[in-house]
Amino acid sequence: MALLASERRSWTIQRRVIGALLMREILTRYGRHNIGFLWLFVEPMIFTLGITALWTATKSVHGSNLPIVAFAITGYSSVLLWRNMPSRCIGAIEPNLSLMYHRNVKAIDIFAARLLLEGAGATISFIALAFFFSFIGWIEPPEDIFKIVFGWLLLAWFGASLATLLGALSHQYEIVDKFWHPAAYLLFPLSGAAFMVDVLPQQAQEIILLLPMVHGVELIREGYFGTAFTAHYDIAYMALFCTALTLFALAQTRIVSRTVIPE
Amino acid sequence: MISIENVSKVYPVRDGVVTVLEDINLRVNPGEKLGILGRNGAGKSTMIRLISGAERPTAGVIERSMSVSWPLAFGGAFQGALTGLDNLRFICRIYGTKAEDKIDFVQEFSELGRYLREPVRAYSSGMRARLAFAISMIVEFDCFLIDEIIAVGDARFHEKCHVELFHKRNDRAMIIVSHDTSYIREHCERAVVLSKGRLYSFDTTDEAYAFYAEHSH
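For the record, the sequence lines run as chains A and B. Be aware that the first sequence starts at 1, since it is given in this note's numbering, and climbs by one per residue. Be aware that the second sequence starts at 1001, since it is given in this note's numbering, and climbs by one per residue.
Some clues are possibly wrong.
Cβ pair distances, simulated, as ranges [stated by the list, open to error]:
1) K1098(B) to S6(A): 23 to 29 Å
2) G91(A) to D1101(B): 32 to 38 Å
3) R1185(B) to S6(A): 37 to 43 Å
4) R1014(B) to G19(A): 37 to 43 Å
5) G91(A) to E1118(B): 36 to 42 Å
6) A228(A) to I1103(B): 57 to 63 Å
7) S1008(B) to T28(A): 34 to 40 Å
8) R1169(B) to L187(A): 52 to 58 Å
9) K1098(B) to L187(A): 21 to 27 Å
10) A1210(B) to F179(A): 54 to 60 Å
None of these hints come from the bench; they were simulated from the model. Given the structure is predicted, the values throughout are model-derived calculations rather than measurements. Every residue, glycine too, gets a C-beta built ideally from N, C-alpha and C.
Isolated chain A, as found in the complex (with noise of 0.2 Å):
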């Protein structure tokens, strides 16, 4: 009982810590100019409205019949939610370096804030753009909400485990962010947004499923088209990869909190 009393004080601290940190986030990130902390959402809008806009001006050769609006709001939006994460993780620790010498904020929390904050961004806009575009009637509504649902919460936990693994690291090793920017770069084209996987050769197919995200990009996908297309995913795979690279993040981040010197 007594542990389980003191687990629940932590989390209540932990709680409070987190959302100082997320308040602390908005307020220097998008302060009290103009539409304030709307950014959170408008900026990821406005990436995924671009996309949108070129796919369909340049009838990209995404190799399926699949209409192109919904196609890249599905694919963009994914990429977003998983990209931004680590972008945000990483050198996260040091602006908050001087916030450190108040025992209760850890850099877990610091993590936690900025995932949440960038989850949100990402699952606003596409929540957003999905019902103003049905509601104008460019595209349909999805067939199977749950399973798009739960491929974004797999694309999620992905990129907050990514995020965490490559903050812990990036605060040890300056080298994480040079490499972060290049390796983001080149997997966009191959994270399953911009194309689908039953349109590739057998062998490709095979490499490219590799890649955690692309199960949960097709997905996602099902879900919203339904049986128009023949989706490629293992979610026991996906699943698998996520816990192993959670357990490396943890214990990274375990780490760095032993070593952290706040100034």
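Start from chain A and add chain B according to the hints.
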């Protein structure tokens, strides 16, 4: 009570490691005023950070059975991009207390006027120190950790801090680190000396001062 047992702290440097604190043992009881004397580089600030829990020891155990403050009054513990007011709110949220009824006190005590609504990074070091002290008085702790508070502001402000800390909160425990014997003598009933990473305890404070005088050249 705070109990420190066999605590060491080692930092990695370019060519190996440096041992900043070695095998430290210390107990601080509720209400006790303890001074830690040490020269520059003796490990005082590291010691205070370890006691506060902001850093973890490399070896050994630190237990806190009373609430312990963050290291007070040197202008740290702020986020520079946030305003003084937002830093105040942040700290209130972390420690689970309301900010709204404390703004007036901080405004008045820190003498910051409208600068309270400007980013902290635009403050002078004196302004930072005043804000830091004012904010650290709005959360109540059983034990306050004080790092070289002497550096805070002019004589009048110094006096205000003195009243707030040593008169109004005279029942609390305090751990004060300083290189200044007279400051420790004025505020503490017990003194220990930190020298070359080791902690020396004495039966009487006079012995501590004598030892420090001898080892501070």
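### Query
For this structure, which hints from the list above don't hold up?
5 and 9
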